[in-house]
Amino acid sequence: MKFKVNGHEVFASTGGRPFDKKKPLIIFVHGSGLTHMTWVLQTRYFAFHGYNSLAVDLPGHGLSSGKSLKSIEEMADWVSDVIDAVGHKEASLVGHSQGCLVTVECTSRYPNKIKTLSLMGGAGAIPMNPELLSLAENNDPKAVDLMMDWAHGPAGHFGGHPVPGLYHINTGTMLAKSRTIQNTLGVDFRACNNYKNGFEAAKKIKCPTLSILATDDKMCPIKEGKKLASLIDGSQVDIIDNCGHMMLLEEADRVLTVLKKFITTNYPPLSS
Amino acid sequence: MSDKKKELKPNTYKFDTLSLHAGYQPHKNAGSRQVPIYQTTSYLFDDVDHAAALFNLERGGHIYSRISNPTVGVLEERVASLEGGTAALATSSGMSAIFLTVMTLCEAGDHLVVSSQLYGGTVNLFRLTLPKFGIKCTFVKPRDTEGFKKAIQKNTKGIFGELVGNPGNEIMNMPEIAKIAHDAGIPLMVDATYQTPYLCKPFEHGADIVIHSLTKWMAGHGSSMAGILVEGGKFDWMQNDKFPTMTKPYDGYHGLSFAEEFGPTAFTMKARAEGMRDFGPCLSPQNAWNVLQGIETLSVRMKKHCSNAEEMVKYLSNHESVAWVSHPSAPNHPDAELANKLLPNGKGSMIAFGIKGGKDAGVAFINNVKLASHLANVGDTRTLVIHPASGTHSQMDEATLKFAGLSHDMIRLSVGIEDIDDIKNDFEIGFRAARKPRLVSNQ
Chain A
1 MKFKVNGHEV FASTGGRPFD KKKPLIIFVH GSGLTHMTWV LQTRYFAFHG YNSLAVDLPG
61 HGLSSGKSLK SIEEMADWVS DVIDAVGHKE ASLVGHSQGC LVTVECTSRY PNKIKTLSLM
121 GGAGAIPMNP ELLSLAENND PKAVDLMMDW AHGPAGHFGG HPVPGLYHIN TGTMLAKSRT
181 IQNTLGVDFR ACNNYKNGFE AAKKIKCPTL SILATDDKMC PIKEGKKLAS LIDGSQVDII
241 DNCGHMMLLE EADRVLTVLK KFITTNYPPL SS
Chain B
1 MSDKKKELKP NTYKFDTLSL HAGYQPHKNA GSRQVPIYQT TSYLFDDVDH AAALFNLERG
61 GHIYSRISNP TVGVLEERVA SLEGGTAALA TSSGMSAIFL TVMTLCEAGD HLVVSSQLYG
121 GTVNLFRLTL PKFGIKCTFV KPRDTEGFKK AIQKNTKGIF GELVGNPGNE IMNMPEIAKI
181 AHDAGIPLMV DATYQTPYLC KPFEHGADIV IHSLTKWMAG HGSSMAGILV EGGKFDWMQN
241 DKFPTMTKPY DGYHGLSFAE EFGPTAFTMK ARAEGMRDFG PCLSPQNAWN VLQGIETLSV
301 RMKKHCSNAE EMVKYLSNHE SVAWVSHPSA PNHPDAELAN KLLPNGKGSM IAFGIKGGKD
361 AGVAFINNVK LASHLANVGD TRTLVIHPAS GTHSQMDEAT LKFAGLSHDM IRLSVGIEDI
421 DDIKNDFEIG FRAARKPRLV SNQ
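Those protein sequences? They're chains A and B, same order as listed.
1 is the number of the first residue of the first sequence in the working numbering; add one for each residue after it.
1 is the number of the first residue of the second sequence in the working numbering; add one for each residue after it.
These aren't lab readings, by the way, just hints derived from the structure by calculation.
The list that follows gives simulated cross-link-like pairs (lysine-lysine, DSS-like), each with its CA atoms no further than 25 Å apart:
id, chain 1, residue 1, chain 2, residue 2
1, A, Lys177, B, Lys242
2, A, Lys260, A, Lys23
3, A, Lys22, A, Lys4
4, A, Lys177, B, Lys248
5, B, Lys179, A, Lys142
6, B, Lys234, A, Lys142
7, A, Lys142, B, Lys9
8, A, Lys22, A, Lys261
9, A, Lys70, A, Lys142
10, B, Lys314, B, Lys356
11, B, Lys248, A, Lys2
12, A, Lys177, B, Lys14
13, A, Lys115, A, Lys204
14, B, Lys248, A, Lys21
15, A, Lys227, A, Lys203
16, B, Lys424, B, Lys356
17, B, Lys14, A, Lys142
18, A, Lys4, B, Lys248
19, A, Lys218, B, Lys9
20, B, Lys179, A, Lys177
21, A, Lys218, B, Lys14
22, B, Lys179, B, Lys201
23, A, Lys142, B, Lys341
24, B, Lys248, B, Lys136
25, B, Lys201, A, Lys142
26, A, Lys218, B, Lys28
27, A, Lys218, A, Lys196
28, B, Lys234, A, Lys177
29, B, Lys234, A, Lys2
30, B, Lys9, A, Lys177
31, A, Lys67, B, Lys234
32, A, Lys115, A, Lys23
33, A, Lys260, B, Lys28
34, A, Lys142, B, Lys6
35, B, Lys304, B, Lys314
Same shape as in the complex, but just chain A (with noise of 0.2 Å):
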C-alpha cells in the first residue's frame, strides 16, 4: 500500500491482505540499502493470522519516494510517523541490522507507542569499515558485492534458499542495486557508522523484546547482538547456529517460528 509521510508517498507491502485497522499493526524496518523484500517470508504469514503487516521501504528506498534519511533518529521518529499516518495508535516493531538501531531508537522514544520489539542480527552500534563506506558513498557496486559476502552465511555462499529456485546472493545483490548506491547505502552505512546512542536507548526499553543472533554473523558479530540484549530488561535470546546476519532469509522457517510465538505471545492478533 501507499501512504504518504511528512508529504513523501511511502511504499508498505501488507504481505498480500488489505490494510484493515481493526487488526494490531507490525512494522517491519529493513537493513541498510535493502527494502521491504527482504522480509516476505515473514510479512505474508502475520498478515494472514489477525495482524497488519507492514513491511516498508524507508524513504529513498525501494518504492518509497523522497530522499534518504540521514541519521538514525530521523529514521527513528519516521517509523513513529508512519504508526500515526496508517491511523493506529500503537505497534510492534521488528528490525533487521540497521533496522535494529532505528527500532531500538524508536522504541526508548516513543515507549507507549511500541508494544514489543524484535531485532535480528542487531547490535547498539554498527561502525562501519572506513572502506567498505568510502565504497558506498563512491557508489561503487563493489560495496554491494563486499556487503553480500559479509552478510551471508553458509544457506547464502552455497545455496539452499528456503523459497525453491531462488539464490540468496544474487537476489540480495540485486536488491541493493535497485536504486542509486551512494543515495540508499551510502547514506545508510554512514547513518550506522554516525550513531552512538543505541546502548543508552536499549537501557530505556522496557517492552517485551527479542533478540534473534546467527553465530555467523560478520555484519554484527554475535558477541554485539548478546551486549545490546543485556542491556534491555527481560530480552529473549535465540540463536541461530551455522547462519550468517540474512537470517530471516537464509533461516526464514526458524525465525518465522521464534517470531510468531514472541509476537502472538506479547501482542496477539485480532481473533477471527
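Guided by the hints, dock chain B onto chain A, whose structure is given.
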C-alpha cells in the same frame, strides 16, 4: 613487511566451485555428499497451519513435485548462481521453458519480436502455435538490429532470440538489442543453450530472462531432457502498465502482486506459482540429478568442445569438399568482432558448413560417417551431425527455410570432445563418400 593495505575483495565462490556446490548443503541432507534424488510426489505438512502457509506463499517449502522438488531445486539454484541470476525454474525440456516464459509474460492480444534464426521447433512455436493463444510474433533477422526496433508495436511484450542462431551461427547484437528492448520498456529473453554460462553470461550484456535447453551442453551426456528459465532480476516490471499480471493483484493467490512482493524474483515466482500449477511441465528429480552430474564438469568440457571446434573450423576451411564454413571463431565470420566481445572464453562447438555437391553430397556424408552420430540433438560430448533441411528444420516450407538462412547443402556439426584426429579421420570417410554420391546411394 609491506605497509600497503590489503584491498577488500568479495570472497564469494567462483564459477568452477559453484558448478560443483551451489544450491546444496550436505549437513542439511543427512551428510550425503552427493545431492539426494527426492523421488517423491508430495511432502508432509506439519499441521493445517503449515499447509495453508505453504499454499499462500507465506513461507518457502515444497508441496507437490509438479510445483517444486528438492533435487530440482538444487539444479535451479546451481544454474541461477552460474548465470548470475536471482532465481530459476527448471522444466521438462528447453521447449517447455520457452513456452512457460512466454505464457508468464504474455496474454492473448500481445505481440513479441523474435529473431528469425532459431531452432526449428522454436520457430514453429512462435509462428504457428502461439498465434492459437492470441500471441502474434514478428520475425527479424538476427543481424538486423534496427529491424528489432522497427518491429516493436504498442502491444509488444518482449524480444526473444538465440544469441548464436541455430543453425547458421549468426550472432544477435545482444547489448544493442537489450537497449532497444529497455527503451521500449520490455524485457529481452535470450536462449543461450549454445553458450552455457561458461561461454557467456547474457545478464552481463542486458538480457532479462535466459533460457537453456539443459539437455545439451549443460548436461553433456545426452541422457536426459531438461530445460530452465533464469531471471536476471534487473527488469522493473512496475515501470509501465504493460505487465498487469505481474504488477496488479492476482486472483489466483489472494490478490498477490508478484512484482511488489518478490521484486527481483517476481517473474520466476509467477512462472512457478501459475505456470507450473496450470501447465505443469515439471522436471523429474532423476533427470535433474542427471543434469547436475553434467554441470559438475561444465567448464572442463566446454574448453575441450571449443578447442576441438576451432580445430575443425581450420580443417573444414581448408578441405576440398567444403564450400563454406560458418563458426564465430572463423576470422571471416561476419560477426567475429561481436563474438570476441560476447564470447571471450570460446565461441562454442556448433559449426555449420556447406558441402560441395549440395543435398545429395550432404546425404552421402551423413550416411557414411561412423564416429559422428546422426541425430536430432546438439551439445553431446560425442560429435553429432545432421542435415537441417531434411531433419531439424524439415517442417519448414522453402520460403521459411530461406528466411531462416538455411540452404540445402548445409550440415550442422556439434563438435564433441573425442580425440580431434579421430573426428577428422571420420569426416574423411564421409567426404570420400560425398564425392561419389551416386555410388553411395546405390549401395
